[in-house]
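Novice: Please arrange chain C on chain D, whose structure you already have, making use of the hints.
Sequence lines, in order, name chains D and C.
The numbering of the first sequence is the numbering used here, which starts it at 3 and goes up by one.
The numbering of the second sequence is the numbering used here, which starts it at 3 and goes up by one.
Because identical chains cannot be distinguished in the list, a pair is counted as satisfied if it fits within a single copy or across any two copies.
Simulated crosslink set (SDA-like; lysine to any residue; CA at most 25 Å straight-line): (1) Lys-70 / Val-47; (2) Lys-71 / Val-115; (3) Lys-102 / Pro-166; (4) Lys-96 / Gly-150; (5) Lys-114 / Gly-58; (6) Lys-163 / Gly-121; (7) Lys-96 / Glu-149; (8) Lys-163 / Leu-119.
Simulated from the structure, these hints should not be mistaken for laboratory data.
Protein chains: 2
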Amino acid sequence: MDRVCILRIGHRPARDARITTHVGLAARAFGADGMYLTTRDSGVVESITDVVRRWGGNFFIQVGVSWKKIIREWKEEGGFVVHLTMYGRPFTEKMEETRKKPKVLIIVGAEKVPGVLYGIADLNLSVTAQPHSEVSSLAVLLDHLFEGRELDRAYPDATMKITPWTSERPGD
Amino acid sequence: MDRVCILRIGHRPARDARITTHVGLAARAFGADGMYLTTRDSGVVESITDVVRRWGGNFFIQVGVSWKKIIREWKEEGGFVVHLTMYGRPFTEKMEETRKKPKVLIIVGAEKVPGVLYGIADLNLSVTAQPHSEVSSLAVLLDHLFEGRELDRAYPDATMKITPWTSERPGD
Numbered sequence: 003m004d005r006v007c008i009l010r011i012g013h014r015p016a017r018d019a020r021i022t023t024h025v026g027l028a029a030r031a032f033g034a035d036g037m038y039l040t041t042r043d044s045g046v047v048e049s050i051t052d053v054v055r056r057w058g059g060n061f062f063i064q065v066g067v068s069w070k071k072i073i074r075e076w077k078e079e080g081g082f083v084v085h086l087t088m089y090g091r092p093f094t095e096k097m098e099e100t101r102k103k104p105k106v107l108i109i110v111g112a113e114k115v116p117g118v119l120y121g122i123a124d125l126n127l128s129v130t131a132q133p134h135s136e137v138s139s140l141a142v143l144l145d146h147l148f149e150g151r152e153l154d155r156a157y158p159d160a161t162m163k164i165t166p167w168t169s170e171r172p173g174d
Numbered sequence: 003m004d005r006v007c008i009l010r011i012g013h014r015p016a017r018d019a020r021i022t023t024h025v026g027l028a029a030r031a032f033g034a035d036g037m038y039l040t041t042r043d044s045g046v047v048e049s050i051t052d053v054v055r056r057w058g059g060n061f062f063i064q065v066g067v068s069w070k071k072i073i074r075e076w077k078e079e080g081g082f083v084v085h086l087t088m089y090g091r092p093f094t095e096k097m098e099e100t101r102k103k104p105k106v107l108i109i110v111g112a113e114k115v116p117g118v119l120y121g122i123a124d125l126n127l128s129v130t131a132q133p134h135s136e137v138s139s140l141a142v143l144l145d146h147l148f149e150g151r152e153l154d155r156a157y158p159d160a161t162m163k164i165t166p167w168t169s170e171r172p173g174d
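The following block holds chain D by itself, in its conformation from the complex (with noise of 0.2 Å):
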């Protein structure tokens, strides 16, 4: 995989406005190179440049655009589309055969998501059969199609850096 990419549809700027910024940080922190947002929401923009500015890396955010143009593109391109929804196969059956795809196309949905996506998508996978939350879903599908390897990734140009706190209990 040299790229993967979000596409969140279905954002509603009120009411996911939170959620939707979540999810663009943890497709940031577990790999992904950007995110493709149906809705424009100044908002959610705002917060997430403000992380890659401090925090490094190049992760990218356009929102405003077509899901239709941007999968049509992605598929003209040999872009291998996968669909996160409750109703898809067990996503662990799927990521050997994922991982072999030069671009990846992660389509991330809100509440709901037109039918026609599951016909479009090149695999539909769940990540449990449990209803959760995009946000955990994309997070443990990106950490294991990446196999771990994205948990520990540096940002050379980042401002903030975390020095992990290790004052740990005596005899630790």
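Specialist: Structure of chain C alone, referenced to chain D:
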């Protein structure tokens, strides 16, 4: 591990309702037994109780708890306390150690947590050294802790159950 519970602190009802609900649902979906919430928030309780009723299992939610009391009780019963924080040590270093403990309490803070927690916790662990989401941190931590065994857990008492959408494109 016989018992893994979440202690969510610093929840602000209006602002954090959806995120805390996602934390609870992710906790359940990724194998935890229940969640304590320091703030009383009937909306969060309803959302989570509703999922448990329809989707099965025994995940509990208890609100209005004192975090000091919960931690003290867990420690008195030999519980192991893990604090999820961006400022912690990389979590992967400590999964083997944590897995050996019979009772594990995972503290998930909202924006800010009392500084004293860093000293009270047996371990302060981070999931990547980047800012993202308590939902993604918790899910990825639990997925590693349970080594993926939670991913296809069945709930015999569920009234709702997903049948994966199987009509993949011809040739797959």
